[in-house]
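As you go down the protein sequences, you meet chains A and B in turn. Heads up, the first sequence is in the working numbering, so the first residue is 1 and it goes up one at a time. Heads up, the second sequence is in the working numbering, so the first residue is 1 and it goes up one at a time.
You may find that some hints are simply not true.
[Said to hold, decoys possible] From the derived model, a few chain B residues whose C-beta atoms are all more than 12 Å from chain A:
1. Asp10
2. Ile21
3. Glu32
4. Ser55
5. Asn69
6. Glu75
[As the list claims (entries may be wrong)] As a list, the in silico DSSO-like pairs of lysine-lysine whose alpha-carbon atoms are at most 30 Å apart:
7. A:Lys198 <-> B:Lys79
8. B:Lys66 <-> A:Lys122
9. A:Lys346 <-> B:Lys79
10. A:Lys4 <-> B:Lys79
These aren't lab readings, by the way, just hints derived from the structure by calculation. These figures come from a predicted structure and were not determined experimentally. Built from N, CA and C at the ideal position, the CB exists for glycine as well.
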Amino acid sequence: MEVKVIIAASLRTFTGRTPEVKVNAADVSEALNALTDEYPEAAKGLFDENHDLRDFVGIYLNDSDIRTLKGLNTKLSDGDELYLIPAIAGGACESVISTERMKEVSIGDKEIRRYNNHLQLKEISIKGQKRIMAGRVLVAGLGALGGVVAERLAAAGVGTIGLADAGDVTLEGLQVQTIHGTRDIDRPRAASAKDRLKKLNPLVNTITHQEKLSAENAEEIVAGYDIVVDATDSFVSRYLISDACVLCGKPDVFGAMYQFEGFVTVLGTKDGPCYRCLYPSPPPAGIVPSCAASGVMNALPGITGAMMAAEVLKLLTGSGEPLIGKAITLDAWNIRYHIVNTARDKGCPVCGADPSIHSAQDIDYEDLCGLRENPHEEPIEAIEPAELARRISDGEKITIIDVREPHERAIRRFPGTIAIPIGQLARRQKELDPDIDTIFICREGKRSILAIRTLREAGYEGPMYNLKGGFEAAAQIIFPNEGAWL
Amino acid sequence: MALIDHQITDSIDITDVTCPITFVKAKVAIEELEEGEILQIHLNSGEPLENVPRSLGEEGHEVLEKIDNGDGTWELVVKRGPDQD
Numbered sequence: 001m002e003v004k005v006i007i008a009a010s011l012r013t014f015t016g017r018t019p020e021v022k023v024n025a026a027d028v029s030e031a032l033n034a035l036t037d038e039y040p041e042a043a044k045g046l047f048d049e050n051h052d053l054r055d056f057v058g059i060y061l062n063d064s065d066i067r068t069l070k071g072l073n074t075k076l077s078d079g080d081e082l083y084l085i086p087a088i089a090g091g092a093c094e095s096v097i098s099t100e101r102m103k104e105v106s107i108g109d110k111e112i113r114r115y116n117n118h119l120q121l122k123e124i125s126i127k128g129q130k131r132i133m134a135g136r137v138l139v140a141g142l143g144a145l146g147g148v149v150a151e152r153l154a155a156a157g158v159g160t161i162g163l164a165d166a167g168d169v170t171l172e173g174l175q176v177q178t179i180h181g182t183r184d185i186d187r188p189r190a191a192s193a194k195d196r197l198k199k200l201n202p203l204v205n206t207i208t209h210q211e212k213l214s215a216e217n218a219e220e221i222v223a224g225y226d227i228v229v230d231a232t233d234s235f236v237s238r239y240l241i242s243d244a245c246v247l248c249g250k251p252d253v254f255g256a257m258y259q260f261e262g263f264v265t266v267l268g269t270k271d272g273p274c275y276r277c278l279y280p281s282p283p284p285a286g287i288v289p290s291c292a293a294s295g296v297m298n299a300l301p302g303i304t305g306a307m308m309a310a311e312v313l314k315l316l317t318g319s320g321e322p323l324i325g326k327a328i329t330l331d332a333w334n335i336r337y338h339i340v341n342t343a344r345d346k347g348c349p350v351c352g353a354d355p356s357i358h359s360a361q362d363i364d365y366e367d368l369c370g371l372r373e374n375p376h377e378e379p380i381e382a383i384e385p386a387e388l389a390r391r392i393s394d395g396e397k398i399t400i401i402d403v404r405e406p407h408e409r410a411i412r413r414f415p416g417t418i419a420i421p422i423g424q425l426a427r428r429q430k431e432l433d434p435d436i437d438t439i440f441i442c443r444e445g446k447r448s449i450l451a452i453r454t455l456r457e458a459g460y461e462g463p464m465y466n467l468k469g470g471f472e473a474a475a476q477i478i479f480p481n482e483g484a485w486l
Numbered sequence: 001m002a003l004i005d006h007q008i009t010d011s012i013d014i015t016d017v018t019c020p021i022t023f024v025k026a027k028v029a030i031e032e033l034e035e036g037e038i039l040q041i042h043l044n045s046g047e048p049l050e051n052v053p054r055s056l057g058e059e060g061h062e063v064l065e066k067i068d069n070g071d072g073t074w075e076l077v078v079k080r081g082p083d084q085d
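Please construct the entire structure, taking both the sequences and the accompanying hints into account.
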């Protein structure tokens, strides 16, 4: 019987790069023997020292795995096709850019000089660089992390870069952000980022999205890109972007930072998990401080963002081992890193077997992340910063509890308060006097709500008030003569 | 064999650039061809002559001939190999 043996790229090193061989064989075993007679090197790749087929080599007769047939004894007929497909660590990916789109891009002398580094690399080379140039990537969040990704992608030559951020450049961000400069303070971050990218590489097209990403516009925006980079810092936007990516079939290159630690993974692909698979529900509002509330070491966004950019390049070129089904966490201060396996949740409401979410517009993301008051819960009374200032200056008898973490208090003190982090509140409730008003403060007035609920659940019955807007709002009124950062 | 014995499909001059642009230009030009077609490369002696044939060989292309023009430049005749991905 004449059959065709088709050899996967990773096994072709054993066959002198030949992709297919015609052999005469009655069964699979004979076909493999005929192959190894012609290419003795292939025996090393296919068989172990006992001449048993190696576990990682998958053999498919036409479309069926031979293990579901009669294994090596499976009979062959004329014209059959036998595929040798080994398992590849991590799973190489297909490019998100079609061959047709790649072919529309041309590389002239200008591109040869600018992009020569990638063109020299076998793993990227001309086709890979053309795919990068054909690519459309949306960078959501243009702070420290998104800024690094956008800068890398622009210099790499990504054809179109979308820049989504509704905020303005602030002085407080500049220690960790390199995409924005001192002169950009108070400008929209998207506009500042666009200028920077044009300076880096005028061949790149940029599109700015200065409106806030929402359930109403996310899918429409995401659909216009090949890949989305999530460099945002709120749970609302992370669930929203992940859902929109799954619904639009776009990979979500996700990154996050906390102080010295970076986290990177690729979500929303055909085989891998989405953000909901990893984290089915967000933490209660305020319990996990955002990176803006806890500080970031200056070099960390450079490391984390560059790793995210590498993931984008792998997905665009369809080369290398992307972080699909895997996530890396990296502690840049103590030089520790871990790669963990992640998996799709079959019961995931967006990407599982029987999804219940079919549009981002079905979801109230603010509510999902606990940012709306629950109507069934007893309301929490709030006090305005001006009222607190009056009560302090009148010398009223009140207790003020600062529920911020020690590292936050270290940089911004609030005099005359008792410091009790949320985790210790229930245990230390006897430090509160139930006969006088107790006012809770945190950075922005969200964790303090959680603090009051925690104490109520623990049985505390004294009057409790939340300082509206937290320390951020109070600092302007209570300490107007001091610098915001004490 | 002389140059005339080969069916040259395309030719490029890389005497106006230095390494690594020499190799990258040659690589872009040869990958524009179909497998088996032939590229003639006009290049300088020295570093380009050492690097370009070797690098093209590593990429799976076949250097058929190197001809000294006697003026410090050479002609390289290279057959395009199969796609490597």
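Violated hints - listed by number, lowest first: Hints 2, 3, 4, 7 and 9 contradicted; others consistent.
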